[in-house]
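Sequences and hints are given; from them, build the entire structure.
Under our numbering, the first residue of the sequence shown is numbered 218, with each subsequent residue one higher.
Certain hints may be false.
[Unchecked claim] The following label-pair restraints were derived from C-beta to C-beta distances:
1. Pro497 - Arg226: 51 to 61 Å
2. Lys219 - Asn282: 38 to 48 Å
3. Asp407 - Ala325: 32 to 42 Å
4. Thr255 - His278: 22 to 32 Å
5. Gly475 - Ala373: 33 to 43 Å
6. Asn224 - Lys447: 50 to 60 Å
7. Leu462 - Ala384: 20 to 30 Å
8. Asp443 - Arg226: 31 to 41 Å
9. Ser271 - Arg488: 36 to 46 Å
10. His283 - Asp385: 30 to 40 Å
11. Asp443 - Ser275: 42 to 52 Å
12. Arg226 - Lys447: 46 to 56 Å
13. Ser485 - Ser425: 23 to 33 Å
14. Glu410 - His278: 23 to 33 Å
[What the hints assert, rightly or not] Only pairs whose alpha carbons sit at most 27 Å apart, straight line, appear in this in silico BS3-like list of lysine-lysine:
15. Lys412 - Lys376
16. Lys366 - Lys388
17. Lys474 - Lys439
18. Lys447 - Lys378
19. Lys388 - Lys439
20. Lys411 - Lys483
21. Lys474 - Lys388
22. Lys439 - Lys483
23. Lys376 - Lys250
To be clear, the hints were calculated from the coordinates, so they are not data collected in a lab.
Source: prediction; values computed, not measured.
Heads up, the beta-carbon is just placed ideally off N, CA and C, and yes, glycines get one too.
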Amino acid sequence: MKETIINLRNALRPIYGDRETEAIIRLIFHHLKGWSPTDIIIHEDDNLSDFTKSEISSIMHRLLNHEPIQYILGEARFHGLDFIVTPAVLIPRPETSELVDIICDRAADAPDLRVLDIATGSGCIAIAIARTLPFPHVTAIDNSETALKVARENAARLKAKVDFIHADIFKWSPAPASLDIIVSNPPYIDESEKKDMDANVLDFEPASALFVPDDDPLLFYKRITDVALKALCPGGNLYFEINPLHAEELSRLVEGKGFSDVEIIKDSYGRDRFCIATLPNN
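Okay, structure coming up:
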């Protein structure tokens, strides 16, 4: 096995660097053998079966083609849970898990909250909230039926109660004053940012879930904010994951629509990544 790991490192390091290569190796052996990092060390002198060697070789060649390891293995870790992922959905990011933490920390003592997740994708936000908050009523929408199929599978697998709706947020609205929380991680990357992005994102993740036109980068936020004005009950909260490039503009937009206590919060990398606002009581 030692030789196999050396071959993986030599092949992957030029593309992924030392740290990410080691993380990928851990994921491969956890997926194929169920091994922890300690197990990998314990078994480093073992002989691998021809089948395992063949699987590792196949995975390595796909990685060399810049295909994300999460799509290759069909799963991604998010908020302490293992989610099914396919090229129909975005790979859940650590920053998005931070958004879930913010929501669940602020609403930890409030049972039976009515939550809507817009553009749910894999369902990661909705499912993590459903499993963390005390007895929430969680609804999630997406305009991709293929993505919702993945989200439903995740909810069933993780035993999370979420109502999924196939809908276009530009045409669909929830009932007035029917929600306590609206959360969304909508498409927010400017088209012009593509030139600086890695091939593993551009060539494999769904573009419709990533990019917005340069001339209207806040189009999803404008619509969702308008929806939230009517759908949130007084005192309800709006939570966004955002593009740091447009943090100030978005803050002004949300405040201008009538929300109060508008906050821009940085992620663990120090970037303006989240916008939080409250619908006033009057």
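Hints and how they fare:
1. Restraint check, proline 497 to arginine 226: a C-beta distance of roughly 56 Å satisfies the suggested window 51 to 61 Å.
2. Checked against the given bound of 38 to 48 Å, the beta carbons of lysine 219 and asparagine 282, roughly 26 Å apart, lie outside it.
3. For the pair aspartate 407 and alanine 325, the supplied restraint of 32 to 42 Å holds, since their beta-carbon distance comes to about 35 Å.
4. Threonine 255 and histidine 278 have their C-beta atoms about 28 Å apart, which keeps the hinted 22 to 32 Å range intact.
5. Between glycine 475 and alanine 373 the beta carbon distance is about 39 Å. The supplied range of 33 to 43 Å therefore holds.
6. Evaluation of the 50 to 60 Å hint for asparagine 224 and lysine 447 yields a pass: the beta carbon distance comes to about 58 Å.
7. At about 28 Å, the CB distance of leucine 462 to alanine 384 agrees with the hint of 20 to 30 Å.
8. Look at aspartate 443 against arginine 226: about 51 Å separates their beta carbons, and that is not inside 31 to 41 Å.
9. Taking 36 to 46 Å as the suggested C-beta distance range, the pair serine 271 and arginine 488 conforms, at roughly 41 Å.
10. Between histidine 283 and aspartate 385 the C-beta distance comes to about 31 Å, which sits within the given range of 30 to 40 Å.
11. For aspartate 443 and serine 275, the hinted distance range of 42 to 52 Å is satisfied, since their beta carbons lie about 48 Å from each other.
12. Taking the beta carbon of each, arginine 226 and lysine 447 are about 55 Å apart, inside 46 to 56 Å as hinted.
13. In this structure, serine 485 and serine 425 meet the distance hint of 23 to 33 Å, their C-beta atoms being roughly 27 Å apart.
14. At roughly 29 Å, the beta-carbon separation of glutamate 410 and histidine 278 lies within the given 23 to 33 Å, and the hint holds.
15. For the proposed pair lysine 412 and lysine 376, the alpha carbon gap of about 40 Å is over 27 Å, so the pair is violated.
16. The suggested pairing of lysine 366 with lysine 388 holds, with an alpha-carbon distance near 21 Å, which does not exceed 27 Å.
17. Our distance criterion of 27 Å between C-alpha atoms is met by lysine 474 and lysine 439, whose separation comes to about 9 Å.
18. Between the alpha carbons of lysine 447 and lysine 378 the distance comes to roughly 25 Å, so the proposed pair stays at or under 27 Å and holds.
19. Our distance criterion of 27 Å between C-alpha atoms is met by lysine 388 and lysine 439, whose separation comes to about 13 Å.
20. Of the supplied pair hints, the one linking lysine 411 and lysine 483 holds, its CA atoms being roughly 23 Å apart against a limit of 27 Å.
21. At roughly 19 Å between alpha-carbon atoms, lysine 474 and lysine 388 fall within 27 Å of each other, so this suggested pair holds.
22. For the given pair, lysine 439 sits about 21 Å from lysine 483 by alpha-carbon distance, which is consistent with the 27 Å threshold.
23. Only pairs whose Cα atoms come within 27 Å are accepted, and lysine 376 paired with lysine 250 is accepted, the gap being roughly 25 Å.
Violated hints, in rising order: 2, 8, 15; the structure is consistent with all others.
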